[in-house]
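Enquirer: One-letter residues, chain by chain:
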Amino acid sequence: MRRTYLDNNATTPLHPEVMQVLKDSLGLFGNASSQHFFGQEARKAVEDARQKVATLINAKPGEIIFTSCGSESNNLVIKGVTCQDVYCKSEQSLPGKHIITSQIEHPSVMNPIKSLERQGFKVTWLPVDKYGMVDPELVEKAITKQTVLISIMTANNEIGTIEPVAEIARIARKHGVYFHTDAVQAVGKLNIDVQEMEVDFLSLSGHKLYAPKGVAALYIRPGVNVCPVLQGGHQERGLRGGTENTLGIIALGKACEIAARDREENVRKIWKLREKLRKGILEKIPEVIVNGHPEKVLPTTLSITFKYIEGESILLRLSSKGIAVSTGSACSSGTLEPSHVLLAIGLPHELAHGTIRFSLGIENTEEDIDYTLEILPGVIQELRQMSPLWPGNK
Amino acid sequence: MYNPKVIDYFQNPRNMGEIPDANGVGEVGSPVCGDVMKIWIKVDKNGVITDAKFKTFGCASAVASSSIATEMIIGKHIDEARKITNQAVVDALGGLPEHKIHCSVLAADAIHRAIDNYLGIEPKADKEVEYVCKCQKITREQIEEAIAHGAYTVEMIAEATGATKGECGGVRCKPLIEDILNLYRPKKEKGAN
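Chains R and B are the protein sequences, given in the same order.
No gaps in the numbering here: position 252 of the first sequence is 252 in the numbering used here, and each next residue is one more.
No gaps in the numbering here: position 121 of the second sequence is 1121 in the numbering used here, and each next residue is one more.
Watch out, some of these pointers could steer you wrong.
[Claimed, not checked] Here are the simulated SDA-like cross-link-like pairs (lysine to any residue), alpha carbons at most 25 Å apart as the crow flies:
#1 K1174(B) / K321(R)
#2 K321(R) / Q1011(B)
#3 K1174(B) / S320(R)
#4 K1134(B) / P388(R)
#5 K1165(B) / W390(R)
#6 K307(R) / V1171(B)
#7 K1005(B) / S320(R)
#8 K213(R) / M1001(B)
#9 K1165(B) / L343(R)
#10 K122(R) / L190(R)
#11 K1005(B) / A1022(B)
#12 K122(R) / D135(R)
#13 K279(R) / E367(R)
#14 K1165(B) / P107(R)
#15 K307(R) / V1025(B)
#16 K307(R) / W390(R)
[Claimed, not checked] A few chain R residues that face chain B, going by a derived Cβ cut-off under 8 Å, partial list only:
#17 L316
#18 E337
#19 H349
[Claimed, not checked] Which stretches of chain B does chain R cover? Using the computed rule of at least three CB atoms under 8 Å from a CB of chain R, they are:
#20 1057-1070
#21 1074-1084
It is worth saying that the hints were derived from the structure and are not from the lab.
Cβ atoms here follow ideal geometry from the backbone N, Cα and C, with glycine treated the same way.
Just chain R, with the same shape it has in the complex (with noise of 0.2 Å):
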């Protein structure tokens, strides 16, 4: 059967070349802290990969830090920044207790949060517009004296919105508060810039961009104060103790090095299969709706929402032919609620019910598209049929 992956969102087959470094890279087993060769191999390895990981966001690899995934990333700035440790206070910690963030984060931004907020912090949870789009200047009137921390995601992960983090960080930084962005579903398919950008933190993982799972980093801006949430040794600047995770590491620099040498040429070809299927579905399929911001998004993400029909059973009989998708997000496919973020674009719950996520990849062709397009609407009708909500049968 003809295996068709449009979930590369959830994650990325790794790269042919990052396998390969991988492979070459098995043998190198010593301890990045250690002083003797062995140790020193491993951090020589560790420091080449930071720097290419700095130079795909035009960063300096001190401001790298390495995690073991974007939720760790994410995690670390939202409680790192909110620590009331005194042992971590410094001067340039903030001492207020109020958070701005949007209504359609990562489950790994907003659960952080809403911790924070059970411990007493105010939560500003900004809404979006229809497109998913936050408003610069509702993040300008949310800010308080008491304000320390503004997390943005860069792109959405379950629609594809691209959300405007350069004003947003601008805003920030004229009022003195810290500004983190999650562009885990962003690096490696947008131009990702974190001097022009301004942020203060940006979070990106290795298995969105064609690495490994278990891997990740986090851009921290020099001055800015964080207190670590994995305390152990000294590693990664004493921001993340546990040692290396050598071999991971290596294979995220080396993704990186890929994705800024092959960035433009693969988001033009993406979106030529983007534009392909989601001008084949409207063609295709009636009652159909395409959420998401109509040209700023990620030219990886499709979502879809397919009227009287409900989301699973697409997924599934997708499947069963050899169609990989999600519906929504994998991360809330464990749970019968929709999706946060489609019921904050305002799609009511039956509509949210029925939506399914395309993303595509670089290992994506003309021929998954058109096969996509052959079955989908077999699929999609044989539903309908099925649904008693489906007015054709009437």
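Since the structure of chain R is already known, use the hints to place chain B on it.
Expert: Chain B only, in chain R's frame:
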């Protein structure tokens, strides 16, 4: 996540469709919760169900539950068919994931509704009753009764009534139950720690 039998009934649903001259129809669920099931039955003059068909808006387990439910009632007398519980539907499917059990509840309800409809028994319209937990159809009275019987946390009310355990996982009703609980909770005295 699903066993092969559930997947089979989802991929190849038996008795999908409508019965134009059905003499009993039952519809349950709501599009908002993500599940709607409609079952048509044909009952002969002896009270035996000779045919049953379904249409379902919902997930794989909703489709599978309604499909197997139609198979379970065909050939049965309505009095027997009425005895089919959601557990029987779950057993027939060889089990459902915990958070999908409500699909079997809907399937059993849809059968009962269709038989009621055949017998001319009108269901109480949903609008007449205010449900606190819409998915599981738990009323304020039921929640207050649970409190009267000693429940003092949302979890205990969930245990006693089944509220919060439906489709939405309690997202909608937990705050409402909390509000009701607060009415019954002893007020903290001023100045007390």
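Enquirer: Of all the hints numbered above, which does this structure not satisfy? Sort the numbers upward.
Expert: As far as the earlier hints go, 1, 3, 5, 10, 11, 21 are violated by this structure, in ascending order.
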